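Chains as they are written, first to last, in the working numbering: chain C, 1 to 369; chain V, 1 to 137.
Just so you know, these hints were derived from the structure itself, not from any lab.
All figures in this text were calculated on a predicted structure; none of them were measured in a lab.
Honestly, I wouldn't trust all of these hints.
Sample of chain V residues with no beta-carbon within 12 Å of chain C, all distances over it, derived [stated by the list, open to error]: (1) 59; (2) 93; (3) 103.
Pair ranges (Cβ atoms, derived) [stated by the list, open to error]: (4) C:311 - V:6: 22 to 30 Å; (5) C:6 - V:110: 50 to 58 Å; (6) C:310 - V:110: 34 to 42 Å.
Yeah, the Cβ is synthetic: ideal placement off N, Cα and C, and Gly gets one too.
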Amino acid sequence: MMLIILTLLSAFIYSPFLPEWVEIFTTPKDFALSIMSTVCALTLYSKSQKEGYGTFPLLLPVCIYAGLCLLSVKNAVSSGLVLRQVGFDLMGFVFFWTTINFIKPHRMESVVRVVVLIAVVSAALALAGKNISQPYGGLFGNPEYAAGITTLAVGASVWMWSFLTFTLLAHLFFAQARSAMIGLVVGLMVVLWARGLIKHLVVVVGAVATVGILAVSGVGSDYLQRHHLGQWGTGSISTDRRHIYSMAGAYALKYPVFGIGRGNFQLHSYQFVYTGGGAVLPQKNYFTRLHNDYLQLWLEAGPVALGVFLFILWRLLWPIPAGLLGSGLFIGLLAEAFRGLFLFPFQLGPDVAYFWIMAGLYWVVKKGQ
Amino acid sequence: MNTFLILLLLSQLTLAVMNGLHLWAEIHYAQVRPMAADAIYPWEDKYLFVQSVFDLRAGQWAWAVKDLKRLIEASPYHLDAMNNLGVAYWMLHDRKEAEKWFRKALRLAPEYRWAKENLEILLGARQGEMNIMLLAK
């Protein structure tokens with residue numbers, strides 16, 4: 001259990017002693033997490049030598065996925081970046097398998113409580129202006145936050161639960177963590193539908209409608225204008241995303257089998273940013289990632305690799321186990337996976353660590369039933 | 001299964017070494033602000049770009065040309081590199097090559113402001129110093 005807790009804490013590394021222009025939100029955390037993943041891999045190996053091979057669910061699809069990503073080196077400009085990205089992708093699975101092999105079902109609730117505590121402390125610090133986790137909406141879109149809220153809320157009285165749901169949605173809306181907000185809602189609705197909790201489902205729909213009305217009325221009009229209605233090149237990130245998505249789709253057709261090389265999009269991103277009128281884009285460096293992990297995976301490693309990854313996610317998430325803990329974890333995992341449609345959580349070390357550790361807990365809960 | 005676990009361990013060790021180099025490189029090059037905020041690997045395009053900017057700032061135009069040409073070979077859409085290559089050739093008094101690289105950048109992106117301005121300076125339509133692109137913070 002200490003290994004998992006240390007891994008989560010290493011995602012919080014904040015290094016004020018580093019020069020301010022070093023990418024403190026990513027680089028030291030990625031380094032710390034890769035050290036932890038090496039220790040986890042070593043622990044898995046030594047455990048296998050002493051006690052026999054443990055449990056490695058989804059091993060075959062993961063190996064196929066890694067193999068396809070490595071094959072993408074065929075078209076890659078930088079094979080070093082392919083190697084790094086494949087290692088990074090496998091890091092998540094290392095945390096997944098470590099969690100499954102070292103967290104016993106009876107310790108599950110303790111682990112979740114510790115994780116939720118870390119999440120609450122980090123969220124409180126973020127609200128106080130000391131964001132020590134990572135800059136992309138803080139922890140609002142991360143699974144453990146959703147798990148904490150929904151585990152507490154689902155099963156409580158309808159009014160209490162409605163209040164918490166609305167508060168969470170409004171909080172995320174004004175924090176501009178839009179994809180996280182939508183992902184949580186989608187996750188909540190799937191669980192409610194799966195459980196037959198129609199009354200709760202109606203409340204969620206009502207909460208979403210309320211937030212939607214706020215967004216299109218005077219309360220949210222500036223927000224909409226800034227983030228959805230701007231033209232290409234004016235800093236409207238949502239509109240700019242549509243342009244690069246469509247360019248990426250067309251670009252992917254030129255590399256139909258193996259893609260442009262896993263991890264190599266950043267070397268091609270100049271073309272995306274500078275053509276089509278994007279040269280005036282004030283945030284051109286913002287698009288060194290495609291802002292859609294699935295589309296980027298398709299572009300970098302081909303459609304088969306994307307299909308295998310989606311298969312892994314589907315096998316991981318479905319079916320939803322019974323009980324509050326399983327529901328909460330499912331909602332959080334789905335929210336994070338949904339966030340991958342508009343951001344790049346599967347390319348951020350802390351998000352990858354959180355996601356796959358939570359996925360490991362979720363798997364243990366599922367198999368424990 | 002043993003082979004798989006060993007390969008998994010090696011992949012994570014490789015990742016840790018790469019990330020360590022990455023962190024070291026960012027700290028090491030942080031003195032050349034504001035460039036070091038981006039990822040820098042010895043084998044990656046931005047390393048060559050940073051090196052070339054060092055060369056340009058130190059007046060080592062020929063070395064800058066060498067680094068930038070290698071960079072453009074690896075990263076064919078690197079507009080900032082093309083722009084800077086044009087500037088390096090301009091400083092070496094090779095107008096023809098300078099114009100060629102500015103125009104190449106503009107063919108890829110007609111709105112690319114810096115190459116546009118540099119080309120105007122080269123053609124005498126604008127006064128001022130040439131723009132050298134740095135990695136933005």
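Exercise. Just pull the numbers of the violated hints for me, sorted ascending.
Key: Every hint satisfied by this model.
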